[in-house]
Amino acid sequence: MIRGTVVGQVWATRKARGLEGQTLLLVAACDAEGRATGRLVVASDTLDARAGDDVTVAFGSGARNVLGPGPNNRDLLCDAAIAAIVEGAG
Amino acid sequence: MILGRVIGQVWAARRDARLQRAKLLVVRPHAIYEPAFATRHLVATDDVDAGVGDDVIVCLGAPARASAGGNDMPVDAAVMGVVDRIDLSPDAMRAAGAGPGIKRALTLPPDAGTK
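If you're matching them up, the sequences are chains A and B in order.
Note that the numbering used here has the first sequence beginning at 42, numbered continuously upward.
Note that the numbering used here has the second sequence beginning at 78, numbered continuously upward.
Think of the hints as simulated: they come from the structure by calculation, not from any bench.
Since the structure is predicted, the reported quantities are computational estimates derived from the model, not experimental observations.
This list has only true hints and no planted wrong ones.
Reference listing, derived: stretches of chain B covered by chain A, where coverage requires no fewer than 3 residues with Cβ under 8 Å from a Cβ of chain A:
1. 143 to 150
2. 154 to 165
Label pairs and their calculated CB-CB ranges:
3. V129/B / M42/A: 28 to 36 Å
4. G131/A / A89/B: 45 to 53 Å
5. R58/A / Q97/B: 20 to 28 Å
6. G109/A / Q97/B: 25 to 33 Å
7. R58/A / G130/B: 22 to 30 Å
Chain B regions said to be covered by chain A (calculated; three or more residues, Cβ under 8 Å):
8. 78 to 92
9. 128 to 140
Each residue gets a CB set at the ideal place from its N, CA and C atoms; glycine is no exception.
All chains should be modelled from the sequences, with the hints used to inform the complete structure.
Structure follows, in structure tokens:
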């Protein structure tokens, strides 16, 4: 997973069927100290994150497990998902 | 998923049998994208009939294969959506230390990256 900050939302009417119903947020990735790296990632959101929230983003099968648990979720169309909204970090 | 702009299309007569019907687009990722190989573009199959100049959402890895037809597909990137609108929060970008660079990357002209 990586840490990042939600900076916006992406809207798409024309999209693959498996992507329908997913909220897609634009996340600016941070390094370990919380500084922006300039990298952007589009992540599915199930936690109702808002612009400005610090979040962690899971990739790969970890992202699919956020949207639908279980080993048989390989057909979920998601490769990045917000796994947690960060309240503090030490 | 990553955000990028379609800058071209690839044609290939000789291709893997499972890719016979696939439309292959060349996508230039917005902002910084760091793949394992040194390039500034990627080739993705197209699920949504995107065209050159469109801003698109590209899915990488297993979901791209699932979307292309199954886990045995020789694919690792698929265009999954055509972007209508991006709401950027200036406050959040400032807080993230993202600066104006991201906004600049999102507003490049359609022919950017083709030269």
